[in-house]
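Asks: Each chain, written out:
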Amino acid sequence: MTDATPFTRPKYVGTPVRRLEDPRLLTGRGRYAADIQLPRMAHLAIVRSDQAHARIIGIDTDEARALPGVIGVFSAADFAHVPDIRAPSRMPNYQATSCPVLARDVVRYVGEPVVAIVAVSRYIAEDAAALIDVDYDPLDVAVAAREASDPAAPRLHEDLESNTVFTRRFSAGDCAAAMDAAANTVSGQFRLTRKTSMSTEPRAYVAEHDVGKDVLTLYGSTNVPGIVRDAIGRLLELGGNRFHVVAPDVGGSFGGKGSLYPEEVIVSDLARRLERPVKYVADRMEELTSGSQAFGEEVEATLAFDDDGRFIALDADILGDVGAYSIYPWTAALEPVQVAGFMPGPYRIPHFSATVRGVCTPKPPTGPYRGVGRPMAVFALERLVDKAASRLGIPPAEMRRRNLVNAEEFPHRTGSGIVWDRSGFQECLAAACSAVDLTALQAEKASRTDKWVGVGIASYAELTGIGSRIAVAPGMPMNTGTETAAVRIDSTGAVSAVFALASHGQSLETTLAQIVAEELGIRPRDVAVVQGDTALAPHGTGTYASRSAVIGGGAATNAARALAVKVKRVAATLFGVDPSDVQTGDGDIFVPGTNHSIDFPELARLVYSDMSTLPQEARETLEVQETYDPVFGTTTSSTHVAVVEIDPETLHTSLRQLVVSEDCGKLINPLVVEGQVHGGVAQGIGVALLEELKFDDAGQPITATLADYLVPTSAEVPDIDVVHVETELPDNPGGFRGMGEGGTIGAPAAIANAVADAVAHLGVEVNSLPITPNKLHALIAAASRQEGQE
Amino acid sequence: MTGKARITLTVNGEPFEAEVEPRMLAADFLRDELGLTGTHVGCEHGVCGTCTIMMNGVSARSCLMLAVQLDGAEVQTVEGLGTIRDMHRIQEAFHEHHALQCGFCTPGFLMTVCDILESLPLRTDAEIRDALSGNICRCTGYDHIVKAVRTLVDERDGAAS
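Residue numbers (numbering that gives the first Met the number 0), protein chains in the order written: chain A, 0 to 789; chain B, 0 to 160.
Incorrect hints may have been included.
Pairwise CB distance ranges (calculated) [unchecked claim]:
1) 136(A) with 22(B): 28 to 38 Å
2) 706(A) with 22(B): 32 to 42 Å
3) 15(B) with 780(A): 55 to 65 Å
Stretch by stretch, here's where chain B covers chain A in the computed footprint (C-beta under 8 Å, at least three residues) [to be verified]:
4) 18-24
5) 657-665
Treat the hints as calculated values from the structure; they're not laboratory data.
Virtual Cβ for every residue (Gly too), placed ideally from N, Cα, C.
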């Protein structure tokens with residue numbers, strides 16, 4: 000070894016490499032599912048239920064069938080050969096719902112697919128849809144979850160015992176006794192209303208059947224192609240060698256494209272039956288009324304603490320409004336049970352108890368959404384922490400410092416059974432608070448009269464990169480804990496890395512290329528990351544739950560490392576040196592300080608084509624496939640601080656400052672990490688201030704356009720400061736922690752606490768999000784009425 | 000539908016003649032008839048800005064227009080802005096600042112930026128945020144988009160960035 004080595008490591012991991020997927024997306028040359036046009040392609044339109052709960056008396060399709068250009072009209076009876084979608088669970092007392100791909104006999108939410116129409120153009124398919132007459136006999140509805148949970152409420156599924164489809168209890172220590180003995184308690188009833196992920200790309204699917212080869216391909220805007228392949232393969236009795244799911248460029252998901260949808264089954268089946276490609280593109284109203292929805296939860300919780308502010312016990316009762324059907328594969332337990340799971344947060348709380356119930360209501364199914372369970376848990380707990388701090392007159396930051404798990408206390412097992420590994424709980428709190436001048440803000444708060452100023456803090460921890468020992472969705476009998484990377488050098492010397500992941504904005508084509516390049520000694524742009532195609536990877540579930548960097552990145556690290564060993568062994572034989580003397584970097588394979596140097600194309604030629612230079616046993620297979628399983632998961636921690644100003648006249652809340660400190664382990668690409676945090680926080684702002692799906696008493700959605708369902712624009716989102724904190728790296732190959740969801744987990748609670756701080760002088764509390772000007776007005780009016788009565 | 004209308008227009012410098020149903024959306028015409036799928040459709044009711052194109056030098060929502068309204072127009076879509084080998088400066092700035100993630104809203108933002116760089120002073124970041132507020136992005140939180148536009152404005156105005 001000489002000091003002349005021109006390469007220093009790490010060279011690519013940790014640097015702001017510009018994204019490799021950008022050029023095509025910036026120039027309109029990307030390929031999203033809706034962009035796909037195929038010869039003889041037919042178009043699907045769907046007639047959806049306009050009733051929340053009703054019996055189907057009859058469907059008149061005659062006029063529609065007679066319309067020129069209509070190829071076929073299909074209702075439930077035409078899909079009798081397709082089993083209902085059922086999401087099984089290992090959870091005791093769990094009742095699975097049966098969801099037909101088209102409603103059979105009964106409709107259970109406005110937006111449920113009832114009739115499928117295929118025509119030569121989307122325009123004609125929609126003309127035909129308008130000619131279809133569905134005769135409904137309305138049934139009673141219990142729209143609110145609490146109402147539906149009443150045993151006397153109208154039952155949504157006649158084959159189930161009740162609308163409550165699961166109940167689960169958590170207990171650690173002796174919560175009741177500890178509560179009774181505690182010097183202080185604070186309580187609250189907290190609520191996150193329903194929202195939706197609202198990716199800018201509506202869902203789109205194109206199915207194509209190669210009749211000659213009998214191969215069916217579904218191109219779809221999904222972030223879980225492997226799950227969709229396995230599920231539809233089962234429903235339609237197709238093996239994975241005859242049925243492929245391809246996720247092309249996908250325009251965001253945030254969870255909304257992470258479940259199996261009836262439309263995916265319908266286009267797949269119809270493409271085979273009709274022997275022509277079938278395309279379906281959802282419009283925005285369909286997205287807002289039939290895409291999976293988020294939250295819809297109420298939490299009643301009490302926190303007990305001693306006179307020094309040390310937490311003693313936490314009790315929570317959680318009610319989840321899961322909608323009409325238990326979503327596949329995650330089940331109805333996905334959101335509400337994880338609220339309980341993450342309820343104890345990053346704090347030491349010796350005694351914990353929680354009860355969680357999931358209740359079916361005549362609304363679209365809830366499903367995964369960025370943060371799953373954590374935004375609700377963090378909102379409820381962090382509000383309680385602030386209330387406790389206020390009770391004792393302890394500053395909110397100090398209250399958290401006293402209770403956060405300290406560095407020497409890891410691993411820490413929470414009352415719900417989650418084990419936190421070492422992560423920067425205290426470090427993130429300190430970093431975020433030092434980025435904000437809390438003292439100056441307190442002074443400003445006291446002196447300002449034109450605006451109500453408030454500061455809010457939220458600390459949280461989350462489990463990311465979850466391995467095979469933990470179900471990503473509680474009780475779900477499916478392995479989501481492994482991913483596989485196959486890294487190969489072909490006969491031109493080019494490197495491909497194949498994954499079952501499915502990037503939909505996460506920049507995996509860049510970050511995974513950085514990892515492979517780093518380990519193999521080439522440049523990121525020389526790595527073709529191939530993903531989102533089930534034909535190319537035998538197993539893998541996709542990109543969700545902050546798992547791809549940890550699990551996919553772990554597999555990439557291991558596979559590329561193992562391939563580098565082979566490369567060095569081949570080169571060592573060629574050079575007549577020991578493999579440990581060989582190095583690689585920027586595409587060269589060399590021995591430092593010598594003139595031994597070849598490049599990857601030359602290596603490939605020697606191995607694949609030149610059958611004389613190397614002995615046969617030295618011609619290694621230049622391909623490595625590695626599956627990585629983190630077994631458990633790794634802890635990402637963070638603190639968000641929000642500063643808000645509320646206009647006393649309009650009650651408009653504007654965000655002045657938002658600071659995020661996070662410990663996500665080693666950064667693969669700081670630009671990408673910042674982008675993920677910014678985007679997550681923007682959605683958290685939506686949760687806190689804007690986004691709400693509303694339903695009337697009959698279960699009719701009243702937020703079916705983007706003029707009613709408000710999402711943050713550039714004018715509502717402030718500059719976001721991101722402070723990276725790196726403590727001990729987690730025990731996984733790359734030292735990565737997941738961070739794709741965190742922004743949405745912390746921001747709602749931080750903003751809620753900031754708004755609560757700003758209006759505390761009015762005797763108003765913030766217990767339900769979003770906190771809109773209208774709601775704030777109602778709270779202030781109620782508080783002043785109460786004051787008047789006293 | 001009865002009757003088709005004949006339209007003549009220029010898209011990205013290329014002349015086109017077409018027969019279209021009067022009800023056909025401009026966005027569908029560009030995407031499905033001309034195969035210019037870089038213009039995306041996000042809401043079909045004029046809120047999200049994803050389908051923004053330049054028409055006769057000003058930005059327009061192609062989901063709120065009919066193809067027949069493009070008759071005689073000079074249209075520019077994202078495909079006409081720059082190519083992968085030779086990106087437009089606006090595209091480069093988005094690339095440098097990581098101002099896109101999933102990329103679906105990006106063409107709409109790029110076309111809006113074409114317009115506002117020509118038409119607005121954009122002296123402060125608040126003015127940039129206001130000018131961009133008709134385009135929804137769900138991935139980036141806008142921060143990097145604002146930085147990219149700030150860079151472009153500074154270059155336009157000859158200010159040191």
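Asks: Three residues or more, CB to CB closer than 8 Å: is that satisfied between the segment 657-665 of chain A and chain B?
Replies: violated (count 0)
Asks: A range of 28 to 38 Å was offered for this pair. Does it hold for the Cβ distance of residue 136(A) and residue 22(B)?
Replies: For residue 22(B) against residue 136(A), whose Cβ atoms are near 35 Å apart, the range 28 to 38 Å holds.
Asks: Go ahead and decide if the range 55 to 65 Å is satisfied by the Cβ distance of residue 15(B) to residue 780(A).
Replies: The hinted range 55 to 65 Å holds for residue 15(B) and residue 780(A), with Cβ atoms some 59 Å apart.
Asks: Are at least 3 residues of the segment 18-24 of chain A within less than 8 Å of chain B when you compare beta carbons?
Replies: As far as the segment 18-24 of chain A goes, the hint holds, because 6 residues have Cβ atoms under 8 Å from chain B.
Asks: Regarding residue 706(A) and residue 22(B), is the given constraint of 32 to 42 Å on their beta-carbon distance met?
Replies: 22 Å, violated
Violation of the numbered hints given earlier is confined to hints 2 and 5; the remaining hints are satisfied by the structure.
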